[in-house]
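Novice: The listed protein sequences correspond, in order, to chains A and B.
Just so we're aligned, residue 1 is where the first sequence starts under our numbering, counting upward by one.
Just so we're aligned, residue 1 is where the second sequence starts under our numbering, counting upward by one.
Among the hints, a few may not be true.
To be verified - Restraint ranges, calculated between C-beta atoms of paired labels, are given here:
1. 183(A) <-> 237(B): 46 to 56 Å
2. 168(A) <-> 500(B): 27 to 37 Å
3. 16(B) <-> 168(A): 33 to 43 Å
4. 500(B) <-> 202(A): 52 to 62 Å
What the hints assert, rightly or not - Facing chain B, from chain A, some residues (calculated, C-beta under 7 Å):
5. 222
6. 228
7. 231
By construction, these hints were calculated from the structure, which means they are not laboratory data.
The beta carbon of each residue, even a glycine, is placed where N, CA and C say it ideally should be.
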Amino acid sequence: MSQGIYMETSSYLHRLNPVTKFVLVIPTTLILTLVVDIAVPALFSLFFLLALLVLGRIPPSRLARALLPFLPAGIGLLWTTAAFYQTRMAEAPAVALDLGPLQLTRAGIIYAVSIVLRVLAIYTSSLLFLLTTHPTDFILALVQQCRLPVRLGYGVMAAYRFVPLLSTELAQIRAAHRVRGVPEGGGALGAPRRLLGYAIPLLASGIRRAQQVAVAMDARALGAQRRRTFYRHLRFSGSDLAFLLAYAVFVVVVLSLLVWMGLPARLDPFGGPAMRR
Amino acid sequence: MLSPSLASAGRRSSLEPAVLVEGLTVKYPGRKSPALEEVSFSIQPGELALVLGPSGCGKSTLALCLNGVIPQAIGAMMDGQVRVAGLDTRHAPLNRLSEKVGVVFQDPESQFCLLTVEEEIAFGLENLGIPPGEMPGRIAAALELVGLSELRDRRIDRLSGGQKQRLALACVLAMEPQILVLDEPTAHLDPQAAAEFFSAVAHLKATGQHTIIVIEHRLDDLMPLVDRVLLFGPGGRLLAEGPPRAVFATYRQDLDRSGIWIPQVTELAYRLAEAGVEIDPLPLTVEEAAEALEPYLGRVCLRWPPIVDPPERQPATEVRRLSYRFPSGFQALREVSLAIPEGSFFALVGPNGAGKSTLALHLVGVLEPPPGAVRLLGRPLGAYTRQGLPHLVSYVFQNPEHQFLTGTVYDEVAFGLRVQGLAEREVEARVRAILEEFGLASLAPAHPFTLSQGEKRRLSVATALVLRPRLLILDEPTFGQDRRTTALIMGRLRELVRGGGTVVAITHDLRLVAEEASAAGVLVAGQLAFLGPVAALLGSASLLRRAGLVPPPLVRLGQRLAEQRDGLPLLSTIEHYLAALGAGR
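Bound conformation, chain A alone (with noise of 0.2 Å):
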């Protein structure tokens, strides 16, 4: 079963009720877009990664794999940022990086490096839910502390099991194709076709599993009684409180310092558009 980069262990964050860790990723946007700095979304990183490494037990072997889709990213994000800031200066800048055609500024490179970092910082956050929490979960934890409508709810998980099935499926069905002679290749104007040959058995398919679901969900009563019980209740306990806590504490500690050391002034020395916007 296809459980995205969910990584099966036991730990203090996987026992966190799922609404707990996809409700940090909010504020932890919301600061970091406000707040224009270095320091800042460098410790939210650390923060996170740090938490994913002691309270949630991922092998740094296994965080290094969830992070490698963001270097890419990151370093492409790096160098237009710091390329693009350069053009949009005002005054004459102190240039840092002569490359010929292209100056990269003292500053265009601080300013990149803020955006990834804040970037990453967001990214990490969305690794911490992710990483911890298996989607089933976070589904039922929906229809019990968010009051998703179950039928909706179950009907979403019982979707998510048929995930893997169609990636069987599509294989299977390419090679039928294949063996009855259909080319491979075929241009502009034959791999839509191709794919479209794939599309319609798989929709087939996925239509007629969905109805027998529903079917079987009706036939053991989902949704028939006003009031479910739940066999595995998923509270919110004293460890969501306290790590919300944490949470909360390290927010403000980060806050704080960046007030008292009047972080933000160091960040443009220049005046760049951070400042004066």
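Assemble chain B onto chain A, guided by the hints.
Specialist: For chain B alone, coordinates are given in the frame of chain A:
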């Protein structure tokens, strides 16, 4: 051994039948004819009733009527009355009904929505609002009944198909219904898993707590449990109801005409009767048949079978030390070597995941073998061009839908011929002829996806046969097919083989293997565990077990008879019995 909570499910009133159906007519919106028409019957508490009928006769509709899903959750027009355990299914709330009637469906992949065995069973209890404290006991009791106690914490996606079906049974048992409806529960299972499922059903029946209604076409293991048969005809009408022996003895013509599977020993008795050997009473199980045939053992013909050495032929396909590892790292094949002579029917058997399809896909070049590892008709596979291969080999996949490429039945059959570049006149003649032969002529303009399962399978076999392939590979050709479609397809394959073609069938159906194949290969965990004549395979119980197979009824019968009479070879097909009992011709 039953927990008190499960035992209470057996509380029943002795006044009313467990199931009472009166004048039931069901019509789906947009359909011209009803799915069920004027059906009336009743089933007493504790009985096991078997529902038989041709495909599309409304059997599954009946299952959904019994728990009130029709008409309460599925919008269909329903006339007449259905009462289960004293509740009217039209008015009683669905949650009360699902405490009375539990349904197990066909497809093990589409009955679950949670992650683990335990949670899935709890799901039904949650729906009923059962207090969480009661759940662990009920879950344990239900798992015990189906023999899955050890797998309580297992994730569902790690279960085998057979375990999933027993889990589906446990899920409804935990809700403590008096009535169980099993809608083709073993259709997707291999023979061993099916046998395990039926033994769980036998165990349930023995407790006497449940009334069980089974829709099934795999009858051999089920017959000893059946009290009554409900025989449906085309158009959703109830043709007959009664004790199984009486129904099978009286309605042979209807059973034959509708292509309904019957116990293999019963079919044997029909054929023996035609040949002048009357067996009375009609046998339904291997034991009954063994007893009935004992008096005839004195005069069996021991000179049978005439042994004809097959002529030496060049191999149609030859595999040398083929290994294959999937990109995921899974080793699917290990050093497999075999040769299949031209003009033979070869059966490839083995448990699920043993590498049968992977091997077959190498034979036709969909998976590319290393150079020289696979030869086709005397030349290395690599020597053929991608365009050239479809002229020589065809492959019928297990799911016919996967292979459909065009918008009409006609074009579907014509596709391969057109790829070969045949003139349109020739294409038309060959397409028309084969559609006629497969009973699909009137469906020529229809979209392939609108056909019934049996028609889809016939179409997929027709698209392969019309090309007159030198090597034809079929993946589970009899899967889900009725007796008539199976006979039709087998007849055509026999013709292909007689004409020098080669057939390789991947199958779990040992009855097919016994009747059609001359040689077989057994793959277990990617290795060839056996390669040789079919008779040797059928005779080896340990080999069959490793392959996830159980000997078919006529083989078991043959073994019993061989024990009683020295020198009797192992009889494994109806033809063998006819020959041995002197009724050949």
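Novice: Tell me, which hint numbers fail for this structure?
Specialist: 3 and 4
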